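Chemist: Top line first, the protein sequences correspond to chains A and B. Numbering of the first sequence is given in this note's numbering, commencing with residue 4 and proceeding in unit increments. Numbering of the second sequence is given in this note's numbering, commencing with residue 17 and proceeding in unit increments.
Derived from the structure by calculation, the hints contain no laboratory data. Where hints are given, some of them may not hold.
[Unchecked claim] The calculated label-pair distances, taken between Cβ atoms and stated as ranges, are:
#1 B:Asp38 with A:Arg208: 44 to 50 Å
#2 A:Leu44 with B:Lys92: 56 to 62 Å
#3 A:Ala118 with B:Gly154: 31 to 37 Å
#4 A:Met233 with B:Arg77: 37 to 43 Å
#5 A:Gly305 with B:Asp183: 35 to 41 Å
#6 B:Lys92 with A:Ile168: 53 to 59 Å
[As the list claims (entries may be wrong)] Calculated pairs, DSSO-like style, for lysine-lysine (alpha carbon to alpha carbon, straight line, at most 30 Å):
#7 A:Lys204 with A:Lys127
#8 A:Lys122 with A:Lys204
#9 A:Lys204 with B:Lys92
#10 A:Lys204 with B:Lys185
#11 B:Lys121 with B:Lys185
#12 B:Lys92 with A:Lys122
#13 A:Lys150 with A:Lys164
#14 B:Lys121 with B:Lys131
#15 B:Lys131 with B:Lys185
[To be verified] Facing chain A, according to a computed beta carbon distance under 7 Å, are these residues of chain B, among others:
#16 Leu70
#17 Ser101
#18 Ala103
#19 Phe116
#20 Gly117
Keep in mind that this is a model prediction, so the values were computed, not measured. Even for Gly, the Cβ is constructed at its ideal location relative to N, Cα and C.
Now for the letters of each chain:
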Amino acid sequence: MAALLPTASGTPAAATEIPVEPPAGMRRRRWIPYALLAPGLLWLGVFFVFPVFQLAMASLWDPSGSIETGYTFAWSFSNYADAWEMFHVQFLRSLWYALITTVICVALGYPLAYAIAIKGGRWKNLMLVGVIAPFFTSYLVRTYSWKAILSDSGPVVDFLKWLHILPPDGRLLATEFAVIAGLVYNFLPFMVLPLYASLDKLDVRLLEAARDLYHGPVRSFFRVTLPLSMPGVLAGTLLTFIPAAGDYVNAQLLGGPNTQMIGSVIQSRFLVVNDYPIASALSVMLMLTILVLVMIYVRVFGTEEVV
Amino acid sequence: MTDQDLCIENVTKTFGGFAAVDDLTLTIPDGSFFALLGASGCGKTTTLRMVAGLEEPTAGRIMLGGLDITRMRPYKRPVNTVFQSYALFPHMNVADNVAFGLRRKGENRADTRRKVAEMLDLVQLGQYGTRRPAQLSGGQQQRVALARALVNQPEVLLLDEPLGALDLKLRRQMQIELKRIQTEVGITFVHVTHDQEEAMTMADTVAVMQAGRIEQLGAPAEMYEFPASAFVANFLGQSNLIKAEVTGQADGHVTVDAHGNRLAVPSARCRVTSGAALLGVRPEKLHLADDLDAVPSGHAAVRGVITDASFTGVSTQYLVRAPWGSELTVFVPNSGIANPALPGAEVAVHWSPAHSFLVGS
Ligand SMILES: Nc1ncnc2c1ncn2[C@@H]1O[C@H](COP(=O)(O)OP(=O)(O)OP(=O)(O)O)[C@@H](O)[C@H]1O
Ligand SMILES: [Mg+2]
């Protein structure tokens, strides 16, 4: 009995402490989320934050420097004015091409995603593989093959000439058509996949309810299907517009001097002309512009619910 | 029978060889409250879906108001459904959900708003107009589904277990409301339910469905008192069914032998008059007596031993083991008279032959 007494007298003190301090199990687990975040954060820190910082610094280097003589940091904001002066045509063109590409991708991708998700039935998976299949080949190789397809003596040009759609001296390569066609081709899967994901989740019973409540197929689409697939449209347009605006492969391989996009300008400034400050200024401008556009877009069209 | 009736004529619906609805013929009179009862999977929802136009019959036709609507598009039918799964639009608030059909019918804004508000008050959700369906409880969602269909005042309203998720009190309230609306507006209601009591209290006509067919159809009291089959006898309320063999027929009675007991059933209450049969008596129509001598003359009786007595408030439910081993359920109303029958006691179970019925086994 005496041996039990200390324990008994100690109990009240322990009892008051329990609510203050979380159980040991919880305390031990608190660091787990951070541990899981750490590798990703580290990766982003080394390969994203640092390079972006470096780029921002480079965009403010003294433009009189060169690779050989070295650059000095000089807060030269004039780089931005110069870059805009020289390349605003390509800059605006890139945004324009990206916009057209996105619109065409929605127009082509939505019916495709709808067909796969709603009407696909047992062919669903096969059709999805069809959408993803191009990724099995390199982006560059695929774009090169478009170059062959659209080439001046290629089958498409011959056929269009035979139909008199193209004049005898007409060509497709080095035109806006070729660049945008390439962009659409390359980014279509990025539109289709998120659209598919949101349409696939759509409860067909909701469409039945709409039909029961006097809504024909077209009205049901605009009042039920489309609003419920908006998260997919949003994701798809972002995944298409952002990379398309910065793309240089399509303009480089399928375009000409009059269809140059900002991506190829940046690439050649960095690697051919070696004009680091201007190239960096263009990169930062492109990044900020896209960031602002996306923020406005999400603010206007974003849906608060995660359907 | 007027030509405003909803007529389902020889309708069959098969899903890959399996007949979910099998040669169903039904006439639902205009303005009536029709309850469809049946076990899970017997084809109730499928029947409603064909009336709504969401499923096309494999064979047969559906007429409404003298018009063949079998192939009419669902959005053109003057029919609305309260779906078993609610199917509320998650991207719209409650008020917009309810207004969904009205807007399309070209109702003006002020009218729409007023009707929606009235309907939400009716289902006791007046304060919830701006909530999203995901922010409601199951029972609240069910009431929104009800309001969304009812507000359109269709010619036929199909209700697929519309009160299933509600608690008993709210359920009773909604039953009364539904019945009131139905009589006031004169809409034809086709009400699917698992709750036989609900079906009997609300409906003018009850149909019991089994395996895609109508087993019996009629006024609730009629069906309860004289079921057409053992299935109906057990589906609508409880029944004691005793195996019996018909032995003969004499002056308005059919006599049967049930495990050695000679019992009589009025001929008018016999669905079969020969061979093996089941003699049925409802538990509340059975009485207990201390022994066979105490049984009133003219009553049929069997002896037994009480195996269980449970007090349920309104009545006491006794289980009495008959000599042949099966148990009879007896409800003795709690009318205030002491009822000291205890488990183990030997008793006689008796009933008026006019309360028994004979169905095929
Ligand atoms: N689309 C379908 N494909 C195949 N079989 C189906 C389909 N719809 C229903 N069935 C089958 O048809 C039968 C009747 O289904 P139904 O939904 O009409 O039952 P129910 O009477 O409404 O049942 P519950 O009371 O459980 O809702 C079931 O056996 C079901 O499995
Ligand atoms: Mg059902």
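Chemist: Hold the hint about Leu70 (chain B) up to the distance rule: shortest CB distance to chain A must be less than 7 Å.
Modeler: Since the shortest Cβ distance to chain A is 5 Å, the answer is holds.
Chemist: Quick check on the hint: Gly117 (chain B) CB to chain A CB, less than 7 Å?
Modeler: holds (4 Å)
Chemist: Between Lys131 (chain B) and Lys185 (chain B), is the straight-line Cα distance small enough, at 30 Å or below?
Modeler: Distance ~25 Å between Lys131 (chain B) and Lys185 (chain B) Cα, so the pair holds.
Chemist: Does the closest beta carbon of chain A sit nearer than 7 Å to the beta carbon of Phe116 (chain B)?
Modeler: holds (5 Å)
Chemist: With a cut-off of 30 Å on the C-alpha distance, tell me whether Lys92 (chain B) and Lys122 (chain A) pass.
Modeler: holds (23 Å)
Chemist: For the pair we were handed, Lys121 (chain B) and Lys185 (chain B), check the Cα-Cα distance against 30 Å.
Modeler: violated (34 Å)
Chemist: Are Ala103 (chain B) and chain A close enough, Cβ to Cβ, to be under 7 Å, as the hint says?
Modeler: holds (4 Å)
Chemist: A range of 44 to 50 Å was offered for this pair. Does it hold for the Cβ distance of Asp38 (chain B) and Arg208 (chain A)?
Modeler: For Asp38 (chain B) and Arg208 (chain A) the Cβ distance comes to about 25 Å; the hint is violated.
Chemist: Assess, step by step, whether the Cα of Lys204 (chain A) is no farther than 30 Å from the Cα of Lys185 (chain B), and give holds or violated.
Modeler: Judged against 30 Å, a Cα distance of about 36 Å means the pair is violated.
Chemist: With respect to the beta-carbon atoms only, verify the hint that Ala118 (chain A) and Gly154 (chain B) lie 31 to 37 Å apart.
Modeler: At roughly 34 Å between Cβ atoms, Gly154 (chain B) and Ala118 (chain A) fall inside 31 to 37 Å, so the hint holds.
Chemist: Take the C-beta atom of Gly305 (chain A) and the C-beta atom of Asp183 (chain B), compute their distance, and say whether it sits inside 35 to 41 Å.
Modeler: For Asp183 (chain B) against Gly305 (chain A), whose Cβ atoms are near 39 Å apart, the range 35 to 41 Å holds.
Chemist: Less than 7 Å between beta-carbons is the criterion; does Ser101 (chain B) satisfy it with respect to chain A?
Modeler: With a closest approach of 6 Å, the Ser101 (chain B) hint holds.
Hints 1, 6, 10, 11 from the list above are not met by this structure, while the remaining hints are.
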